[in-house]
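Chains A and B supply the protein sequences, listed in that same order. Letter by letter, the first sequence follows residues 1 to 386 of full-length UniProt numbering. Letter by letter, the second sequence follows residues 1 to 386 of full-length UniProt numbering.
The set of hints was computed from the structure by calculation and includes no laboratory data. Being a predicted model, the structure only gives us computed values, none of them experimental. Hints may contain errors.
What the hints assert, rightly or not - Far from chain A, by Cβ distances over 12 Å, these chain B residues were calculated: (1) 21; (2) 114; (3) 376.
Said to hold, decoys possible - Taking CB as the label site, the calculated pair distances span: (4) A/261 x B/340: 52 to 62 Å; (5) B/352 x A/379: 22 to 32 Å; (6) A/379 x B/333: 49 to 59 Å; (7) A/261 x B/328: 50 to 60 Å; (8) B/274 x A/123: 44 to 54 Å; (9) B/315 x A/379: 44 to 54 Å; (10) A/34 x B/352: 54 to 64 Å; (11) B/340 x A/34: 25 to 35 Å; (12) B/91 x A/261: 40 to 50 Å; (13) B/159 x A/337: 56 to 66 Å; (14) B/3 x A/261: 41 to 51 Å; (15) A/234 x B/312: 28 to 38 Å; (16) B/22 x A/380: 31 to 41 Å.
Every residue gets a Cβ at the ideal spot worked out from N, C-alpha and C, and that includes glycine.
Residue-level listing of the chains:
Protein chains: 2
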Amino acid sequence: MSDKTPVPAGFVGVAGNIGIKDPQDDFFAVVSQAPAVVSAVFTLSRFAGPSVRLSREAAADGRARGVTVIARNANVATGQIGTADAREVQEGVARAAGVEPDDILIASTGVIGRPYPMDRVRSYLAGLPAEFPPADLDRSAAAMMTTDTHPKIATAKVGGATLTGIAKGVGMIEPNMATMLTWFFTDAELEQPVLDEVFRRVVDKTFNALSIDTDTSTSDSAAILANGLAGPVDVGEFEAALHEVALKLVRMIASDGEGAGKLIEVRVTGARDDAQAKRIGKAVVNSPLVKTAVHGADPNWGRVAMAVGKCSDETDVFPENVRIVFGDVETFPTEATDETLERAAQHMKGDEVVISVDLGIADGAFTVYGCDLTEGYIRINADYTT
Amino acid sequence: MSDKTPVPAGFVGVAGNIGIKDPQDDFFAVVSQAPAVVSAVFTLSRFAGPSVRLSREAAADGRARGVTVIARNANVATGQIGTADAREVQEGVARAAGVEPDDILIASTGVIGRPYPMDRVRSYLAGLPAEFPPADLDRSAAAMMTTDTHPKIATAKVGGATLTGIAKGVGMIEPNMATMLTWFFTDAELEQPVLDEVFRRVVDKTFNALSIDTDTSTSDSAAILANGLAGPVDVGEFEAALHEVALKLVRMIASDGEGAGKLIEVRVTGARDDAQAKRIGKAVVNSPLVKTAVHGADPNWGRVAMAVGKCSDETDVFPENVRIVFGDVETFPTEATDETLERAAQHMKGDEVVISVDLGIADGAFTVYGCDLTEGYIRINADYTT
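One chain only, chain A, in its complex shape:
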């Protein structure tokens, strides 16, 4: 709380409580004082909400000025009213910030199927300050939480530039191309096409490698805004920093998965190609039987074999070439002994469980992230709302 996370130059903003559901912060807007380039990716859901549609349009020209989020209501499946409401929020924030509505990305997260309480939204927007103070990204990260237990924020320096990312998301996470809500702000100067290429590559290896519960949200959004105020940076260095910050956020999200007690990292190697490694990794990290075994710190490697095996389209996978390792303990094909199983169980009692699967085909590799499945997930979701 005391140490604020660094904010890149030129980003101002507000965060506060509209009163969507309770007295906690449920709103933020972060806006760049200078024009910025943007790259953004969104959910592929057929039930994508109006916020996703408006943000997609806002980002389409590669330029944007800011991001605004309302939490505790997803504004999804709310029909034409939902679209009008989202547009009104976008316009209200843009007016206060003195920018064009089409330069504001908007997102919303929470329960599906209920309109915003627009009376409260309107009076909140009307009260926004004429001049935004410097952005408080820690508070902004907190303002978008739903069942998150803590805000997620990470930062890095790239030459003279600052890169800070915030994220939220604990359930309904199986990004197909983007993920929950995550926003990156930087004062680095990058050409938009370069930023776009770098961002998509990083998202694919980080947020798209994450799965909490196989359920893809209707609202997944990820974007990065670069306003260039800190001048040009080395693109390779920038990509490395972005990857590092994104991976930190992904690990925070996985560890904070609904009811989760442990981060699961599944490293697949020896695949035909990276895409196959990713498919197999997803099958393992999403398997309820693997997830519950991790919860119970049970080195039941047979369930990993099962999860690999259920990828029945991967006809070049043969059990006799597969190797399964928990931590650094091989459990297959080397016959597991009581001693090795005990060592594997010890590894699984930690906060981070690493399961390595080598397919013995070629050198494709991919690492995916997830979490264990616990009674807590059931409790949270059996009566989340309605």
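Here the structure of chain A is known, so what remains is to put chain B in place on it, guided by the hints.
Positioned in the frame of chain A, the structure of chain B alone reads:
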């Protein structure tokens, strides 16, 4: 217990305890005294065990004499020893029954990665009676249980013939073409190609419409043996009876899903074709968020919309054409009121929850079956074994 389920003419067998793990029955063999035709389908898992491979070969010529099952050990991922052991069981049963080993289907279910305790298996097989008594299918159904809470058996008459099916399975169930273990015995007379066609069609609409937890077993097997002793039957009537018996078993399995409290039936209509309806139905019935909402009797239809929406390849699905109904209560697009949500919640408090989704495209339809996700599933699977 008192009323035994009818057994078709000519089927003899034994059931008992080998001592694989505990003193409960863990073995059965059912053999037809007359030659029988067979149709069988098996898991598509790349880690399919030796029992599946031997049974596939045994059924390949369309003729078989019997089925044997060992429970409490899957004999999967046990290497060449596992194959030799399975073959020895197949041969031991065949010898006792006086038939060819290649006419005995074999299956095994339980923990993966441990060899059978062959000393006990051998002494048990050596003690099999020289002549098998009439089959006891109730006891056989019980002998293959693992975490099942009760045996699953159903029967029907077709003209003068009897058809009885038994099944086991509570977890690791997402059949891709077959399912857990299920065996059908009949004294009806059918040509093998006809039996095969009918069986595959029925399996596709019943066992392949079932999903407990998306995890496909390494051992899924389903077969039907018809020995013809009751003479010919009307094929249409036979298919109807087989469908009825299979569906009863499917509903028993779903209701008895690990930790499950409720059967979930998802009826998808208005799809482009039946296959699309099945994909959407599976997405809904497998969604952890839908499953936990059902557990909590929470008519959170937004999660059903999410699950439909995450089928992002179904580009002809548009929210404005979708209809979502819990029981007989429409919750979308008709705006749900407190009164309708209360009625939907009442429906969800029952043992069987029906969720209907109409896609408004064409007339494709498919119904799938599953169960809720509860703390019990976590408890059972967090420390099942090792």
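message: Taking the Cβ atom of residue 91 of chain B and the Cβ atom of residue 261 of chain A, is their distance within the range 40 to 50 Å?
response: Holds, since residue 91 of chain B and residue 261 of chain A (Cβ atoms, about 47 Å apart) stay within the stated range.
- prompt: Within 56 to 66 Å or not, the Cβ separation of residue 159 of chain B and residue 337 of chain A?
  reply: 58 Å Cβ-Cβ, so the 56 to 66 Å window holds.
- prompt: Do residue 315 of chain B and residue 379 of chain A keep their Cβ atoms within the hinted range of 44 to 54 Å?
  reply: 36 Å, violated
query: Taking the beta carbons of residue 22 of chain B and residue 380 of chain A, is their distance inside 31 to 41 Å?
result: For residue 22 of chain B and residue 380 of chain A the Cβ distance comes to about 35 Å; the hint holds.
message: The output says residue 376 of chain B does not contact chain A. Does that hold with a beta carbon cutoff of 12 Å?
response: Answer for residue 376 of chain B: violated, closest chain A Cβ roughly 9 Å.
message: For residue 21 of chain B, is the shortest CB-to-CB distance to chain A above 12 Å, so the non-interface label stands?
response: 15 Å, holds
message: Quick check: does the Cβ-Cβ distance between residue 234 of chain A and residue 312 of chain B fall within 28 to 38 Å?
response: Since the Cβ atoms of residue 234 of chain A and residue 312 of chain B sit about 36 Å apart, the hinted range of 28 to 38 Å holds.
- request: With respect to the beta-carbon atoms only, verify the hint that residue 261 of chain A and residue 340 of chain B lie 52 to 62 Å apart.
  value: 38 Å, violated
message: Tell me if the beta carbons of residue 3 of chain B and residue 261 of chain A are separated by a distance inside 41 to 51 Å.
response: Between residue 3 of chain B and residue 261 of chain A, where Cβ atoms are some 47 Å apart, the hint holds.
query: Is the Cβ of residue 114 of chain B farther than 12 Å from every Cβ of chain A?
result: Its Cβ does come within 12 Å of chain A, the nearest being 8 Å, so this is violated.
task: State, for the Cβ atoms of residue 379 of chain A and residue 333 of chain B, whether the hinted interval 49 to 59 Å holds or is violated.
output: Hint violated: Cβ distance 31 Å, outside 49 to 59 Å.
- request: Can you let me know if the beta-carbon spacing of residue 34 of chain A and residue 352 of chain B is within 54 to 64 Å?
  value: 60 Å, holds
In this structure, the earlier hints numbered 2, 3, 4, 6, 7, 9 and 11 are contradicted, and the remaining ones agree with it.
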